[in-house]
Every structure is written in structure tokens, then in C-alpha cells.
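Student: Those protein sequence lines, which keep their order, are chains A and B. Residue 318 in the numbering used here sits at position 318 of the first sequence, with consecutive numbering throughout. Residue 174 in the numbering used here sits at position 174 of the second sequence, with consecutive numbering throughout.
No wet-lab data here; the hints were simulated from the structure. A hint or two may mislead.
[Said to hold, decoys possible] In silico DSSO-like cross-links for lysine-lysine, where the CA-CA straight-line distance does not exceed 27 Å:
# : chain 1 : residue 1 : chain 2 : residue 2
1 : A       : Lys371    : B       : Lys89
2 : B       : Lys326    : B       : Lys124
3 : B       : Lys72     : B       : Lys237
4 : B       : Lys382    : A       : Lys145
[As the list claims (entries may be wrong)] Partial chain A-side listing against chain B, Cβ under 7 Å, derived:
#  : residue
5  : Ala41
6  : Arg42
7  : Phe80
8  : Asn143
9  : Lys145
10 : Pro218
11 : Glu227
12 : Gln282
13 : Phe307
14 : Pro308
15 : Arg309
16 : Arg374
[Unchecked claim] Listed below are several chain A residues computed to face chain B (Cβ distance under 8 Å; list not exhaustive):
#  : residue
17 : Gln40
18 : Asn217
19 : Phe312
20 : Gln370
The structure displayed is predicted, hence computed values, not measured ones. We put the CB at the ideal spot given by N, CA and C, even for glycine.
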Amino acid sequence: MTLPAEFWTYLKVVLLVATVPAIVGFVIVLAERRIMGFMQARLGPNRVGPEGTLQGLADLLKLVTKEDITPARAEKAVHFLAPVLAVIPALTALAVIPFGPPVRIGKTLVPLWVADVNIGLLFLLALTSIGVYGIILGGWSSNNKYSLLGGLRSAAQLVSYEVPMGLALVSILLMTRSLSLVEIVRRQESTHLWFVFPGLVAFFIYFVSGVAETNRNPFDLPEAESELVSGFNTEYSGVKFAFFFLGEYTGMIIISCVAVTVFLGGWLPPFPNVKALEFLWQVPPVLWFFAKVGAFLFAYIWFRSTFPRYRFDQLMALGWKWLIPMALANILIVAFAILLFPGRTTGLVWLAWIFGGLFVAMFFLAKLRQKLTRRERLAAEPHPVEV
Amino acid sequence: MSDEKISQAERDEAADFAERAKAGAAAGLEAPGAPPEAHTLFDVQEMELNFGPQHPSTHGVLRLVLRVDGEKILEAKPDMGYLHRGTEKLFETETYPMGIPHTDRMDYVAAATNNHAFCLAVEKLLGVEIPRRAQLIRVILDELQRLSSHLVWLGTSGIDLGAVTPFWYAFREREQILDFFEEYCGARLTLNCMRIGGLPFDLTPGWTERVSEFISDLPTRIDDYEQLLTDNRIWKKRTVGIGVISAEECVEWGLTGPILRGSGLEWDLRRAQPYECYDELDFVVPTRQNGDTYDRYIVRVQEMRQSARIIRQCLERLEAGEIRGKVPRVIKPPADEVYASIESPKGELGFYCVSNGSNKPYRMHVRPPSFINLQALPRLAKGHLVSDLVALIGTIDIVLGEVDR
């Protein structure tokens with residue numbers, strides 16, 4: 001019996017696009033609360049199911065059975081559409097993410113992505129920015145001043161961080177000469193070089209912008225519970241709120257997936273050219289992919305429990321005064337490195353060493369500076385302070 | 001939205017407006033001006049924003065009426081009284097000892113210092129001598145209370161700025177302090193832990209050891225909070241240069257406590273007008289020069305370290321002895337008026353007590369530090385952003401129970 005070609009596509013849509021965010025979403029919601037609990041010297045949810053594993057399901061049930069309220073003076077249609085707009089583009093974007101190399105099922109070779117679009121990266125950037133409209137419109141249509149402020153903040157954030165994110169990816173495009181995400185991974189495989197090394201600066205810019213784009217700490221200004229009382233989603237309840245929630249977490253997953261695909265070699269195991277580490281190839285590629293994504297999601301959670309929140313204007317200043325100039329300079333440098341050794345990766349390897357050295361130096365300089373300011377501060381403190 | 005609905009909304013607004021105009025005219029008021037016309041793109045349209053009383057960052061039921069241009073605050077008007085219980089009037093209706101529990105409900109984050117200030121005022125009227133052991137225990141309770149109040153402040157003002165983790169750390173330690181209070185007097189929050197002329201109970205066995213163990217552990221815990229905040233760049237960005245106020249202005253506004261000391265004036269009633277046995281204790285009054293939110297943060301954190309030192313010294317000096325002075329069974333102070341004040345965690349907490357010779361105060365006026373410090377909020381907030389307002393409410397460290405009484 002032969003299955004029609006569409007069968008696999010539909011199956012993948014169901015499994016990858018619809019199920020992955022749902023399952024991963026449950027896992028991160030629980031993981032976030034448990035990990036934050038651990039970091040904050042408390043337990044976190046551990047009542048529903050063994051060790052709280054069913055907490056996500058319980059939350060979902062609660063949200064689904066809750067009354068769905070639309071404020072009397074809201075823009076009804078927009079109010080209804082905004083959560084949809086927040087979640088659909090995020091789910092659609094998952095379609096172009098390659099979760100692993102093609103696998104052989106029976107006689108057919110099934111690739112683990114729904115579509116290998118040749119404008120993959122552009123498609124992703126476009127969809128992730130559409131997702132922000134959900135937040136802006138949701139904030140505006142609620143007819144609530146706090147929500148409006150949240151929506152406006154989100155708009156400002158979109159404008160300031162979409163640009164550096166795109167520019168950071170441009171420098172990677174110079175290395176791959178392809179927008180297709182599958183091609184980007186293949187290229188990292190053939191050059192034995194993860195782009196995170198020559199693209200260290202781009203990676204940094206991309207991830208910072210990514211955190212800002214998904215409205216997570218320390219850039220969670222549109223929500224800002226302590227300032228705007230949840231901001232754009234104040235007037236949302238029930239399923240619509242769940243949609244915003246799903247949109248936010250899918251956004252996190254997308255940003256992490258793209259970071260892994262573009263910078264960390266997608267499904268490839270680390271150090272592909274080291275003989276001693278060949279046993280790493282025994283691990284299924286899909287697991288490598290999800291492990292890397294998991295590391296990013298952990299970073300998100302870690303940020304949340306560590307950082308205070310930026311202020312609106314400081315956030316814009318960071319975007320425009322630091323990230324965009326940095327991204328532009330980075331493009332120039334990468335372009336030069338590629339032009340110096342046309343057709344070879346020598347330039348990129350050099351770049352990796354230079355950037356790596358620079359980052360290590362900056363790390364130690366920052367440590368030193370921290371130590372000095374701390375010493376200065378302690379010197380100004382009243383003495384004696386010991387008990 | 002369909003056209004029909006727009007017109008419905010407009011009709012509502014117009015009707016609402018006409019109604020208000022009519023009500024105003026009936027009350028003899030001037031008719032309000034015409035509703036604002038549609039603005040062009042570059043016009044600044046101000047928005048009125050109700051901040052509270054049900055807002056997570058107003059630390060209770062404070063309401064602020066903001067006039068904002070985008071996020072910039074043009075004017076902030078505090079509106080209080082949501083928690084007013086007429087405490088000052090209640091004092092007049094009950095005998096002196098019965099007043100003490102009412103003071104618990106004023107600054108409910110620091111009940112011991114309230115009890116203390118109230119008792120000090122009545123003791124001053126009576127002219128009672130407090131036994132040394134009672135003095136030392138009172139100071140220990142005061143400083144534990146200062147620690148717990150500062151911990152609440154640290155946690156909540158951190159959470160206001162999005163730093164979630166210090167909150168849990170701070171409350172972990174506060175819980176221990178509350179346990180100490182519970183062991184001492186049975187209550188955790190509204191302590192009622194002092195009596196006119198001394199204390200209600202002596203310490204339970206082992207209490208001092210447990211407290212001293214906690215105190216010796218505390219500096220490392222404070223290091224933990226500082227690790228997360230003090231040198232954190234985002235924390236500094238959010239606090240340095242926010243709500244700057246000079247020492248002169250502080251004095252003009254009557255601001256006391258960490259706000260005054262953060263602006264550079266070394267004024268602490270424990271040092272300036274020593275009560276109980278503070279004059280023999282060795283501690284530093286921390287001050288900073290810039291008078292911004294960051295400096296007030298540093299001052300409070302250092303005060304916590306100093307409180308730990310004070311407690312340690314008091315524990316070392318504790319000796320067996322009386323815990324209540326010679327107080328008549330029925331407290332009837334001579335007709336007189338006194339003012340007694342202490343350094344509460346928030347600033348100068350004073351009781352002005354007028355006695356007419358009966359067993360109830362003729363008048364008891366409270367000088368609440370939160371209320372007087374809150375006055376400066378409109379001055380501090382002007383020109384800052386809505387996000388900074390949250391930081392400013394945190395830095396003033398108000399407790400609405402005390403503001404409204």
C-alpha cells in the first residue's frame with residue numbers, strides 16, 4: 001500500500017505544528033514555574049498529578065471553562081480577532097522550522113519539516129512581526145487605558161527590535177547565501193562550523209531582540225504586571241486569554257528554534273569534526289534539536305527570575321543606540337571577512353577567533369569593573385558593618 | 001465597530017455630558033467647557049489615568065489621579081482615606097492601655113514600633129522609669145521589626161520593578177522574624193507586644209539563642225539580596241536619578257527616615273534624641289548624598305545591617321531583671337500634654353498626647369511618617385514616567401494603614 005504524498009504533509013502539520021507547541025507549551029509552563037520556584041527558594045506547583053505534571057492541563061481547563069468577557073465599549077470585532085492574530089502567525093511560523101533531517105519511514109523519506117520554503121527566514125520574520133499586531137490591537141480594542149499603554153509599548157518595542165533582529169540575521173545570510181532554513185543547517189554541516197562562532201555578535205543581538213520581541217523579562221513592558229496591571233491582556237479572560245498565553249509561549253519556542261537552526265547547527269551534534277566525540281552522532285538528531293531549544297527556553301526562565309524590568313525609554317535607547325549600530329557594524333565586518341577569502345571559510349574561522357577573544361576579554365573586563373565599583377561602593381559604606 | 005455602534009457610543013457620551021452639566025448647574029457650578037474637539041496628529045492629548053486603589057503597586061489602597069502625556073506624568077494627585085478607621089478618635093474613647101492594640105493596625109508592617117511610640121508618650125506623661133531589661137528587649141523588638149519592615153519594603157519594591165526573586169528571599173527571612181514574634185507574644189503581625197511601663201511577657205527560654213543565630217546569619221542573606229540588585233545594571237538604570245530630592249527640600253516637606261538620610265542629612269532619632277538605651281549602643285547612621293531612589297535603597301539595606309549589630313549588642317547586655325516599671329493599676333496621668341517620638345522604620349513616628357487627668361486621653365494625635373512622606377510623591381513623580389511612579393511609591397515605603405489611620 002502506498003500512501004499519497006499529501007498524507008505525510010498533513011500528518012506533519014498535525015504533529016509538528018499543532019502538537020509541538022501544545023506539548024512543549026505545557027512542559028515549559030510547568031518547567032518555568034518549577035524552575036523559578038527552585039531559584040526562588042520555594043516549591044512551585046506540585047499538587048496536580050505527580051510532582052505537578054498535570055498543572056498545565058488544569059490551567060487550560062480552568063481557562064476554557066471561564067466566562068468569556070468582552071467589555072461593553074470594546075471594539076468587538078477587533079477584540080475578538082486580536083488573540084487569534086497573536087496565535088496563528090506563531091503557529092504558522094513553525095511550519096518552516098526543520099526539526100531534524102529526513103527520516104526513513106517504510107520506503108519513503110520523510111523530512112521533519114512541513115515546508116522548506118526558499119524564503120524561510122524572511123517568512124519567519126514576517127510572521128513573528130504580524131504576531132505583535134495581536135498585542136497592539138488587543139490593547140487598543142479593549143478600551144482600557146492600561147491596555148492601551150501596553151499596546152503602545154508593544155508597538156514601540158516591535159519597531160525598535162524588529163530592525164536589529166533582521167540586521168543580525170543578514171550577517172548570517174552573507175555566510176549561507178540562502179534563506180532556506182534547511183539549507184542553513186546543511187551549510188553548517190558542510191563547513192563544520194556553527195554560525196554562532198563567526199556570528200557571535202549577531203547571535204547576541206538576535207537573542208536580545210528575540211527576548212524583547214516575545215515580551216519576556218527583562219523586556220516584558222507590554223504586560224508589566226506591577227505597572228500596567230497585565231497591560232494589553234487586562235480585559236481578556238477565558239479562551240482568549242489562553243490564546244495570548246499560547247501565542248507568547250509559541251513565540252518563545254519559535255525564537256529559540258530559529259536561534260538553534262541559524263546559530264547552533266539545528267539538529268547537528270556539537271563538534272562534528274572531532275573524532276573523539278563521534279559517539280555523539282548516535283543520539284537522534286531530533287533530540288539534539290530539542291535539547292538546544294530547551295537550553296534557550298531555560299535561559300528565558302532564568303532571565304525572568306534574575307532581571308528587573310527595563311523602562312520604556314531605556315528599552316528603546318538600548319535598541320536604537322546600541323543594537324542597531326552594533327548590527328550594522330557587524331554586517332560590514334562579516335562581509336569583509338568573507339570577501340578577503342572568497343569561496344573559503346578561512347575568513348569566518350578568523351572572525352570566530354577574534355569575536356571569541358573579544359567576548360572573553362569583555363567578560364573579564366566586566367567582571368573587573370563590577371569588582372571595582374563594588375569596592376568603591378563598600379568603601380563609601382559606614383564602618384564597621386560586621387556583626 | 002459598525003457606524004451604528006459609534007453613534008451609540010457618541011450618544012452615550014453626549015447624554016452623560018449633558019447630565020453632568022445639568023448637575024453642575026444645579027449645584028451652582030460653572031458649566032464645564034465644551035468637550036474636547038478631535039485633535040490633530042501633533043496635538044498633545046492628555047489622558048487622565050486612575051492609578052489604584054485596586055492596583056498591585058500602590059501597596060494598599062492608595063489612589064493616584066494621574067494626568068499623563070503618553071507615559072509621562074504631568075501631575076499626580078494622591079487620594080487617600082480608603083482605609084480610614086478614625087484611630088485617633090478611638091484613642092479618646094478608650095483607656096490608655098486599650099489604645100495599644102489600635103496602634104498595631106496603623107503601620108501593620110511594623111507594629112512593635114507603633115506600640116513603642118504610644119507607650120513612650122504615656123510613660124512620659126506618667127513619668128515612669130522603665131527597667132533596664134525591658135528597655136533592652138524593647139530595642140531588640142524594635143530592631144527586629146525594623147528588619148522585617150525593611151524586608152517587606154525590599155521585596156515589594158523589587159517586585160514593582162520586575163525583580164521577582166528578592167521578594168521570595170526577603171520573605172523567607174521575614175518569616176523567621178515573625179516566628180520570633182509569635183514565640184514572644186503569640187501574634188505575628190499585630191503584635192500588641194508592649195505595655196505602658198514595660199513589657200507584657202518575659203522572653204521564652206532559648207529565644208535569645210535563636211535570635212542571635214538568625215542575626216549572625218543575616219549579613220550573608222543581605223549579601224544575597226545585594227548580589228541580585230545593588231550592582232545590577234538594570235536595577236541601577238531604574239533607580240539612579242529617579243525622584244531626586246535635596247536635604248533642604250526634605251526638611252521643608254517634613255520628610256523623615258531613610259528618605260531624609262538618603263539625601264545626606266544624618267538625622268535619626270535613635271541618635272539625635274536617644275530613647276530607651278540607644279545612647280549606649282554602637283551603631284552607624286547610614287547616609288547617602290544623591291537623594292535618589294538608588295540611594296534610599298542603599299540606606300535601607302545598610303540600616304538592616306546596622307539593626308543586626310544593634311540586636312547583637314542588646315543580646316549581649318541582657319541580664320535578668322524586672323520587665324515592668326512601677327505603674328499604677330489604673331492609669332490616670334496628670335493633666336498635661338507631651339510629644340514622644342521614635343524612629344520607626346519609615347521615619348519619625350510621634351504621638352502627641354493631651355491628658356485631662358482622666359483614664360482616657362483627651363486627645364491623641366499621631367505624626368505618621370508614611371502620611372507625611374507621601375505628601376512628597378506629587379513633587380517626586382512630576383516629569384517621570386508611569387514606570388518610575390511605581391518605583392517612587394516603593395521608595396517612599398508607605399503603609400496605607402498608617403497613612404489613613
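Student: Where does the structure disagree with the numbered hints, that is, which hint numbers, in rising order?
Tutor: 1, 7, 8 and 12
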